[in-house]
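Trainee: What follows is the residue order along each chain.
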Amino acid sequence: MCTYQTTSIAVTGSGKGAEGWFALSDASVYFDHPVHAAADHTLNIDLLNPARGPGFRVALELDPHSARALAEAILQSLDTAPPGLLAAETAGTGGTVRS
Amino acid sequence: MTDAMRAETVTISGAGGDAIEAYLAQPLDRSSVGAVVVIHHMPGYDEQTKEITWNFAAHGYAAVCPNLFFREAPGASPDDAAATARAQGGVPDERLVGDVAGAAEHLKSLSSSNGKVATIGYCSGGRQSFLAACSLPLDAAVVCYGAFIVSTPPEGAPVTVGPIAHLAKDLSCPLLGLFGAEDQYPTPAEVAELEKILADNGKTFSFHSYEGAGHAFFATNRPSYRPEAATDGWEKIFEFFGRYLSA
Chain A
1 MCTYQTTSIA VTGSGKGAEG WFALSDASVY FDHPVHAAAD HTLNIDLLNP ARGPGFRVAL
61 ELDPHSARAL AEAILQSLDT APPGLLAAET AGTGGTVRS
Chain B
1001 MTDAMRAETV TISGAGGDAI EAYLAQPLDR SSVGAVVVIH HMPGYDEQTK EITWNFAAHG
1061 YAAVCPNLFF REAPGASPDD AAATARAQGG VPDERLVGDV AGAAEHLKSL SSSNGKVATI
1121 GYCSGGRQSF LAACSLPLDA AVVCYGAFIV STPPEGAPVT VGPIAHLAKD LSCPLLGLFG
1181 AEDQYPTPAE VAELEKILAD NGKTFSFHSY EGAGHAFFAT NRPSYRPEAA TDGWEKIFEF
1241 FGRYLSA
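These protein sequence lines map, in sequence, to chains A and B. According to the working numbering, the first sequence is numbered sequentially starting from 1. According to the working numbering, the second sequence is numbered sequentially starting from 1001.
Rather than coming from a laboratory, the hints here were simulated on the basis of the structure. Keep in mind that a hint or two might mislead.
[What the hints assert, rightly or not] Label-pair distances were calculated between CB atoms; the ranges are:
#  : chain 1 : residue 1 : chain 2 : residue 2 : range
1  : A       : Ala39     : B       : Ala1019   : 35 to 41 Å
2  : B       : Pro1227   : A       : Ala39     : 37 to 43 Å
3  : A       : Gln5      : B       : Ala1199   : 27 to 33 Å
4  : B       : Gly1242   : A       : Ala73     : 53 to 59 Å
5  : B       : Pro1154   : A       : Gln76     : 28 to 34 Å
6  : B       : Gly1242   : A       : Ala23     : 52 to 58 Å
7  : A       : Ala18     : B       : Asp1029   : 49 to 55 Å
8  : B       : Asp1003   : A       : Pro64     : 45 to 51 Å
9  : A       : Ala39     : B       : Thr1204   : 22 to 28 Å
10 : B       : Pro1188   : A       : Phe31     : 30 to 36 Å
11 : A       : Phe31     : B       : Gly1162   : 19 to 25 Å
12 : A       : Trp21     : B       : Ser1111   : 36 to 42 Å
13 : A       : Ala23     : B       : Phe1238   : 28 to 34 Å
14 : A       : Ser77     : B       : Thr1204   : 35 to 41 Å
[Said to hold, decoys possible] DMTMM-like mimics (lysine to aspartate or glutamate), calculated; alpha carbons at most 25 Å apart, straight line:
#  : chain 1 : residue 1 : chain 2 : residue 2
15 : A       : Lys16     : B       : Glu1051
16 : B       : Lys1108   : B       : Glu1195
17 : B       : Lys1196   : B       : Asp1232
18 : B       : Lys1236   : B       : Glu1195
19 : B       : Lys1108   : B       : Asp1079
20 : B       : Lys1169   : B       : Asp1232
21 : A       : Lys16     : B       : Asp1046
22 : B       : Lys1050   : A       : Glu61
23 : B       : Lys1050   : A       : Asp79
24 : B       : Lys1203   : B       : Glu1228
25 : B       : Lys1203   : B       : Glu1193
26 : B       : Lys1203   : B       : Glu1155
All residues carry an ideal CB built from backbone N, CA and C; glycine is no exception.
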């Protein structure tokens, strides 16, 4: 079913989509119907820059197991990054949950 | 079956008089035809929904599918448009009703129109088909596994989506409901609850639930596709439209 649930956050960084590299400003995360993946529901991530237009999007559709593995890999990468480098990059930036 | 048909992108006047994109399919070899507004699902104004639209033309009906995400993402690919619309909270119910009204008027303006119009929707479109049939003067409506008609969406859903069973008293036309017995959204209990509400309001309706089928059993490009249920469902749709969309 269409779950309607959507978590939206503000992000800072860059992504590469059909239009090439572009600055990111938003992300949507939701568990709902995929467009391409062969499943009824997937964990979907849209990395967006609405100001650039709908085509400026990096899209992912992952099965739940893969999505958890990715989330854990992301957290592990951050937890094991050199502390000095991480502090220099995280001062006052990105990741505000809107809804 | 229609032998000659035409399918193309057109512009219709939607809610608020907005010019929006729509996909129109119509038979060319017959006059005085009924018409169907096809309401696309949340993944968007996509190839699968256009196939459904021209399938109605192949069976002798004019059909139009308005692009409900056109305002948010004109010219975008269906999945990009769906993502943009989702990030902005989805389609407001009032706007949906206005777009369906505009689509119905467009169908009635065709020289081949017999004046009768129905709506059909799948999944989120199923809920919207029910909403349109309770808000507009229609001749028939079909709901395919529409969730959140009687139940409340979960926390985190956009504020535009809420239960609409209270509108049943205003249902303007006969209603056909097609559901999967294994579906969880809506559950068989929710389907039964809607049946009771419709019966209590003296409405004309016919609901069918398919064993061995869950949500999205009509979707030929998904693992949820159930050929037997979909084949029987299509037969019921065309029997229903034959009864209520004929002149």
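Trainee: Please go over all the hints and tell whether each is borne out by the structure.
Mentor: Evaluated hints:
no.	hint	result
1	Ala39(A) to Ala1019(B): 35 to 41 Å	36 Å, holds
2	Pro1227(B) to Ala39(A): 37 to 43 Å	19 Å, violated
3	Gln5(A) to Ala1199(B): 27 to 33 Å	32 Å, holds
4	Gly1242(B) to Ala73(A): 53 to 59 Å	55 Å, holds
5	Pro1154(B) to Gln76(A): 28 to 34 Å	30 Å, holds
6	Gly1242(B) to Ala23(A): 52 to 58 Å	54 Å, holds
7	Ala18(A) to Asp1029(B): 49 to 55 Å	40 Å, violated
8	Asp1003(B) to Pro64(A): 45 to 51 Å	47 Å, holds
9	Ala39(A) to Thr1204(B): 22 to 28 Å	37 Å, violated
10	Pro1188(B) to Phe31(A): 30 to 36 Å	23 Å, violated
11	Phe31(A) to Gly1162(B): 19 to 25 Å	20 Å, holds
12	Trp21(A) to Ser1111(B): 36 to 42 Å	51 Å, violated
13	Ala23(A) to Phe1238(B): 28 to 34 Å	50 Å, violated
14	Ser77(A) to Thr1204(B): 35 to 41 Å	60 Å, violated
15	Lys16(A) to Glu1051(B)	31 Å, violated
16	Lys1108(B) to Glu1195(B)	30 Å, violated
17	Lys1196(B) to Asp1232(B)	24 Å, holds
18	Lys1236(B) to Glu1195(B)	18 Å, holds
19	Lys1108(B) to Asp1079(B)	30 Å, violated
20	Lys1169(B) to Asp1232(B)	29 Å, violated
21	Lys16(A) to Asp1046(B)	24 Å, holds
22	Lys1050(B) to Glu61(A)	23 Å, holds
23	Lys1050(B) to Asp79(A)	47 Å, violated
24	Lys1203(B) to Glu1228(B)	28 Å, violated
25	Lys1203(B) to Glu1193(B)	14 Å, holds
26	Lys1203(B) to Glu1155(B)	32 Å, violated
Taken one by one, the earlier hints fail for this structure at numbers 2, 7, 9, 10, 12, 13, 14, 15, 16, 19, 20, 23, 24, 26, listed in ascending order.
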